[in-house]
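Hey, can you work out the whole structure from these sequences and the hints?
Residue numbers (our numbering), protein chains in the order written: chain A, 1 to 330; chain B, 331 to 594; chain C, 595 to 884.
Hint data in this document are derived by calculation from the structure and do not stem from the laboratory.
The calculated BS3-like cross-link candidates involving lysine-lysine, where the alpha carbons are at most 25 angstroms apart (straight line), are:
#, chain 1, residue 1, chain 2, residue 2
1, C, LYS773, B, LYS419
2, A, LYS209, B, LYS405
3, B, LYS462, B, LYS527
4, B, LYS453, A, LYS6
5, B, LYS478, B, LYS462
6, A, LYS312, B, LYS481
7, B, LYS469, B, LYS457
8, A, LYS3, B, LYS478
9, A, LYS110, C, LYS875
10, B, LYS462, A, LYS3
11, B, LYS481, C, LYS773
12, A, LYS4, B, LYS450
13, B, LYS478, A, LYS4
14, B, LYS476, A, LYS311
15, B, LYS450, A, LYS3
16, A, LYS209, B, LYS419
17, B, LYS478, B, LYS458
18, A, LYS209, C, LYS875
19, B, LYS457, A, LYS6
20, A, LYS3, B, LYS457
21, A, LYS3, B, LYS476
22, A, LYS4, B, LYS457
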Amino acid sequence: MTKKMKIRIAEIIILLIALLVVPLFVKNNYYLLVFNRILINAIVVLGLNFITGLTGQMNLGMAGIFALGAYASALITRYANISPWVGLLLAIAVGWVIGQCLGYPSLRVKGVYLSLTTIGFAEVIRLMFSNLTDITGGTQGMRNIEPYSLFGFKFDTQGKMYYLFFVITAFGFFIAWRIVYSKWGRVFKSLRDNAEAVEMSGVDIADVKIKAFTICAIYGAVAGALYAHFMGYINPSTFTIDMSTNFVIMLLIGGLGSVIGNIFGAIIVTILPEMLRFLDDYYLITFSIIVLLGAIFFPNGWVDAVVRLGKKTINIISDKRAENGKAVSR
Amino acid sequence: MSSILKASNVTKKFKGLVAVDDLDFDMKDNTIHSLIGPNGAGKTTTVNLITGVHDLTSGSVEFDGKIISGLPTYKIARSGIGRTFQNIKIFSSMTVLENIMVGGHEQAKLGLVRGVFDFKASKAEEKKLREKAEEILNKIGMYELKDKLMKNLPYGRQKISEIGRAMMNDPILILLDEPAAGLNPSERAELIQVITKTHREGFSYFLIEHNMDVVMNISDYITVLNFGRKIAEGTPKEVQNNEEVIKAYLGNKYVTKKKVSGEV
Amino acid sequence: MNAAVLVQLLVSGLAMGFIYALVGIEYTLVWNSTGLLNFSHDKLIMLGAYLFGGTFVLGMGFSNPLAIVLAFVIMGLIGVLIANGIFNPLRTMQSMIFAVMGTMILGRIIKEACRLIWGPAPFAISGWLSGNIRIGKISISNANIIICLVSLLVVIGLQLFLNFTKTGKAMRCVAQNKKAAALMGINVTQNICITTAVSAIICSIIGILIIPLFNVSTTMSNSIGLKGFSAGVIGGFGYLPGAIIGGIIIGIVENLAVMVLPAVYKDVVSFVLLILFLLVKPTGLLGKRA
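What follows is the structure, given as structure tokens:
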């Protein structure tokens, strides 16, 4: 293990501990709710990174995947009257199926065509859930979805849920990290640059693309299931193209392909609108303008931009020092 | 010598246009076999037919005793054929080492789920892959550049790196589609050196090239195409003195001058 | 189901089809000239309706024709602004993800701006394109007839513009090959401005036409925007006649689908068609091979 990696791992451990003690100091339920939403969003972005970040294919249907996970878990919990954990397993299965199904079009259509396909998919899902009134309650939504519980311990407050989601997100982060920085992550990335060359290396690119889509869909569906039991209420009008767009914005702000960036993207995009609330009516437009300017001026993501700026200042400072040193020696 | 790559009656039509017409050739193991011909003769199409990028209209391609025509590209690649591209196809946002390592993706057999949870196995596999890639980089003289981003490399280096990537799969045969195009003389010399050196170590090369210096210097055998048809084949010497070949390259009026220089 | 209802469904389907066709034309123009899929186009449609209805008719009390002309002028200017400020930087970016997201976020900004300027409550313009014509048992709304007529006029006008004016011909050149067009002395950037302005004006035409169908609100054009994309794909992406045919097909099919499917599934039809076409025939009905 190199020294650099050791530092990285130490950083991550410190971050983990810091995040674990958060609810001990934050007693405000509203903040904890925002934290929980960050954790759920982070799971989605970690998944989206595989498809839009690494293989470079535009997936604008994340809200549809998210909705399928949420409804699958909520419906089975309600109608089969079983634990939400089974719902979570079902969400994983649903994610796997969506991944296999959505992966197929990604073999045939590329670029904007794929973004249109995924938008169409998400819209069909949303309209289906709003129209199956007998089962889903239609546009009224589903209420009183049971929270998670473990051996009789109910995760029914924001603080308790924070720990649960934290563990799940950390696990999701671990898996994503392991995949992205392995030969699989490498082959996903190479697919973005040049698919023909990958195929000529003996790689079944159809299989790899479907794998990437399946990972992405499982993350999305799991996050959806968590969301349903976290909110206790779901409504099809939440799962719009606006939601899909938000997930992609998180990915962009964090930087395409970077796992740590994914987390920062989720944090920034979830918190920034909350911080801009003082602008009242103007907060959404301000937020959008900030994001648009960011997309135009920092195409590698904000995290990267900050890191670069940091490096530049360090360089300038050390250059100055070097100059001063020379001056002294002279 | 046994045959390694054999094309029998290979024909490819694109909407009525016959790109390759009833082509036969038989490439021997452990040779450098070149396919030459004027622009539009169907050379790149032939490579695309061998690698399964295009489907054959009729005929068959045999590699190492097995029919490969009709197989998908990745299966042909797995059977032991590597390839470089006329217009380079590199992973420009990745480092040189990573580029080469992608070539060995199929060599590493660890599955996705085991790769995540089995730290030891995945680490060992990654190490093996990296060492192999570094060894190949040494072979093609690019070890020092391994951590550079591919897009920052000069064109010649990028082209040679494609040969390295192809080698990761332990191929027996590597198809080179115009490797010297766009290279300056010193890069070209380096390319020839890489090809001849690795050829001595056991790689067979099927070469498509316009630059006759390169072709005549390193080829063991040459097949000449014109308008999709084979018009001649033989050793470099035989081909240089073939009337049909001279006619195809220079036009009818040069045929009477029997003596022809190396510049075909 | 009797014949009169069928005819009414057909006519309203045709009218909606023409709307989708116009949407198809409007974004295909931008797609061809910039290579960007303008995801903010539905918000431009909405903006056109707000400018016409909210500001010029209800706010300033202008007559309808004057309001229309003013809406066109403002929308044209906004088009130039968007082309210069946003499309030009976005189209040179290496990753198409930024281009898509850029136009997406632009749409949000426009939507928020509308909500702030004109308020969140939807409103109607009384008397605008209202009334019905009765022919025997069949009753057809004036709005539908006017939508069909105006759309036809726009289509014909655009064809004349593209084929017989110097600017229009230059626009077609840029659509086919930007580099060659630039070498031939066509100012590509300026051309993109004009194209975007024309596209924005068509957006305002759509917005003004659909006021009687959807009222003026921040969500009035959401589904139209997406269905317009379906129209383009079904007819043949990037090909103007394709967008028109695709639009009319979607309009009629989704209206007639009500006869076999529950009415609530009307909106699903176009998306299912979109996905089917993308998977089975991505080039669309009239498209040439890419």
